[in-house]
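Novice: Listed below, chain by chain, are the residues.
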Amino acid sequence: EAGVAQSPRYKIIEKRQSVAFWCNPISGHATLYWYQQILGQGPKLLIQFQNNGVVDDSQLPKDRFSAERLKGVDSTLKIQPAKLEDSAVYLCASSFSYNSPLHFGNGTRLTVT
Amino acid sequence: DAKTTQPPSMDCAEGRAANLPCNHSTISGNEYVYWYRQIHSQGPQYIIHGLKNNETNEMASLIITEDRKSSTLILPHATLRDTAVYYCIVRGESSYGKLTFGQGTILTVHP
Numbered sequence: 000e001a002g003v004a005q006s007p008r009y010k011i012i013e014k015r016q017s018v019a020f021w022c023n024p025i026s027g028h029a030t031l032y033w034y035q036q037i038l039g040q041g042p043k044l045l046i047q048f049q050n051n052g053v054v055d056d057s058q059l060p061k062d063r064f065s066a067e068r069l070k071g072v073d074s075t076l077k078i079q080p081a082k083l084e085d086s087a088v089y090l091c092a093s094s095f096s097y098n099s100p101l102h103f104g105n106g107t108r109l110t111v112t
Numbered sequence: 002d003a004k005t006t007q008p009p010s011m012d013c014a015e016g017r018a019a020n021l022p023c024n025h026s027t028i029s030g031n032e033y034v035y036w037y038r039q040i041h042s043q044g045p046q047y048i049i050h051g052l053k054n055n056e057t058n059e060m061a062s063l064i065i066t067e068d069r070k071s072s073t074l075i076l077p078h079a080t081l082r083d084t085a086v087y088y089c090i091v092r093g094e095s096s097y098g099k100l101t102f103g104q105g106t107i108l109t110v111h112p
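If you're matching them up, the sequences are chains A and B in order. One point on numbering: in my numbering, the residue at position 35 of the first sequence is 34, and numbering is uninterrupted. The number in my numbering is simply the position in the second sequence, starting from 1, with 1 added.
Hints are supplied without guarantee of correctness; some may be wrong.
[As the list claims (entries may be wrong)] Cross-link-like lysine-lysine pairs, in silico, DSSO-like; alpha carbons within 30 Å at most:
no. : chain 1 : residue 1 : chain 2 : residue 2
1   : A       : Lys77     : A       : Lys14
2   : A       : Lys43     : A       : Lys10
3   : A       : Lys14     : A       : Lys43
4   : A       : Lys82     : A       : Lys14
5   : B       : Lys4      : A       : Lys61
6   : B       : Lys4      : B       : Lys70
7   : A       : Lys43     : B       : Lys4
8   : B       : Lys53     : A       : Lys43
9   : A       : Lys10     : A       : Lys77
10  : B       : Lys70     : B       : Lys53
11  : A       : Lys43     : B       : Lys70
12  : A       : Lys61     : A       : Lys82
For the record, the hints were derived by calculation from the structure and aren't laboratory data. All of these numbers come straight from a predicted model, not from anything done at the bench.
Let the sequences and hints guide you as you build the complete structure.
Specialist: Encoded structure:
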């Protein structure tokens, strides 16, 4: 089966600019997750969707980050405006259900200068 | 979800078994133990998971102690491509499916 697809693979922007990341989960996977991974740390959950509804966004900095999952399939994560500390790898993952393993994409590496 | 403790780093010789320990002394009865690994510049990769019985698949074996307070991931014949960060994660129903990652163990396989 095709894995989780993410784009772009790399992105460099200046602080205060905006950026968007795209994720296409594995077909049939109802649950979608966005994680942030800062260099040297484990991934941290930003937001979790079940179909097109939000299950958990408690660690999403809502003043600058937003995410949507229209039609319960693809998802986009946006940062506006970006800060230097947003430099990280943004990982998307999906799972068939709450009890199924998560499958991750290879992420988007964001550098904010 | 219960927290886990892993050694920061381990070494292993190519061809030998790699045994990665994990402590999860506060695990509760309905929480599973999951193992993921992350190779440089890639997303985390699912390896194996278990509740209380030992599990084996084509990648690895998972040994969970009888009291469930610790577990060991075994890579039977480590190769250079197994060099990665290995994460042990406890996942329960209260997490609604999410995984909470710690720092993991950096496994380095030497020729």
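Novice: Look at each hint and say if it fits the structure.
Specialist: We went through each hint and held it up to the structure:
| no. | hint | result |
| --- | --- | --- |
| 1 | Lys77(A) with Lys14(A) | holds (14 Å) |
| 2 | Lys43(A) with Lys10(A) | holds (20 Å) |
| 3 | Lys14(A) with Lys43(A) | holds (22 Å) |
| 4 | Lys82(A) with Lys14(A) | holds (5 Å) |
| 5 | Lys4(B) with Lys61(A) | holds (27 Å) |
| 6 | Lys4(B) with Lys70(B) | holds (11 Å) |
| 7 | Lys43(A) with Lys4(B) | holds (14 Å) |
| 8 | Lys53(B) with Lys43(A) | holds (27 Å) |
| 9 | Lys10(A) with Lys77(A) | holds (13 Å) |
| 10 | Lys70(B) with Lys53(B) | holds (10 Å) |
| 11 | Lys43(A) with Lys70(B) | holds (24 Å) |
| 12 | Lys61(A) with Lys82(A) | holds (14 Å) |
Comparing the model with each earlier hint shows no violations; every hint is respected.
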